[in-house]
Amino acid sequence: MQQFREIETCIECSAFKHIQITLSFDETTTLEDVDKLLKVFAGGKPVPFTAASLASEVETMIPSGLVRESPYLTHPIFNTYHTEHELLRYIRRLQSKDLSLCHSMIPLGSCTMKLNATSEMMPVTWPGFTDIHPFGPTEQSQGYQEMFKDLGEVLCTITGFDSFSLQPNAGAAGEYAGLMVIRAYHLARGDHHRNVCIIPVSAHGTNPASAAMCGMEIVSVGTDAKGNINIEELRKAAESNKDNLSALMVTYPSTHGVNEEGIDEICKIIHDNGGQVYMDGANMNAQVGLRSPGWIGADVCHLNLH
270 MQQFREIETC
280 IECSAFKHIQ
290 ITLSFDETTT
300 LEDVDKLLKV
310 FAGGKPVPFT
320 AASLASEVET
330 MIPSGLVRES
340 PYLTHPIFNT
350 YHTEHELLRY
360 IRRLQSKDLS
370 LCHSMIPLGS
380 CTMKLNATSE
390 MMPVTWPGFT
400 DIHPFGPTEQ
410 SQGYQEMFKD
420 LGEVLCTITG
430 FDSFSLQPNA
440 GAAGEYAGLM
450 VIRAYHLARG
460 DHHRNVCIIP
470 VSAHGTNPAS
480 AAMCGMEIVS
490 VGTDAKGNIN
500 IEELRKAAES
510 NKDNLSALMV
520 TYPSTHGVNE
530 EGIDEICKII
540 HDNGGQVYMD
550 GANMNAQVGL
560 RSPGWIGADV
570 CHLNLH
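With my numbering, you'll find the sequence shown wraps up at 575, consecutive numbering, no jumps.
Zero decoy hints are in this set.
Computed cross-link-like contacts, BS3-like style, restricted to lysine-lysine with a CA-CA straight-line distance of at most 30 angstroms:
{"hint": "1", "residue 1": "K511", "residue 2": "K537"}
{"hint": "2", "residue 1": "K505", "residue 2": "K537"}
{"hint": "3", "residue 1": "K495", "residue 2": "K505"}
{"hint": "4", "residue 1": "K495", "residue 2": "K511"}
{"hint": "5", "residue 1": "K495", "residue 2": "K537"}
For the record, the hints were derived by calculation from the structure and aren't laboratory data.
Modelling step: build the complete structure from the supplied sequences, incorporating the hints.
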């Protein structure tokens, strides 16, 4: 892929194999932007038509089978509030049904819910962050490159790991990527048969889905009366599957909001039986500064940086 730009109009394009040019449009693109692009392709000469004049001649690319024919927005709520004030009060009533940090701590252990200060959120709206295209040339994203490097180093320090990837950007996709890394580890060692993934019932709900997406055989283990992983049940599961054990997926702290007191022993059991430990780091805030995934014995983890 080659990139080129038209300096005067600040338009950048990507050329593939010298025969294709790709362009990205979104809701911020105007007809005037398209007219500028047409002028670039015309070598700066006047273009005898405009994007607006072409719009009426363009046929939709949506297959007829995907075009909705049934009515939509038929619920009465969509035709109940006709003034801004009425709509505002309706939204406020919906909001009052929610439990948020405005009321109390959120008693949920599946994700670390915290209050992000407005000053922390504002920078993501700055043009320097929002206006760069993902395929933009490296020389135009030096600030991003420095930020990626610094963030990766900080996250390695926090987690106790050797390296970090800032992709992908979704928790479940991160789980999938991490499990694929574990699979690659086993394949590199010639252990092609290792495909069993042990998952406690206290783990994040996406864990079994991610393991299934990787084609793994899932073995569940229960918890004790206090919500901790039943270590003896886990030990039996690991030993009975030691020849094919690939990984353990553990949410730490768990979705019960519990710090597993036996997490070190749990990791050792998995390692002793040939597996790797994948730690779901959705609740990482609860352990930062106290312990880390690398310290407890985890091999891979993802973090929800929110």
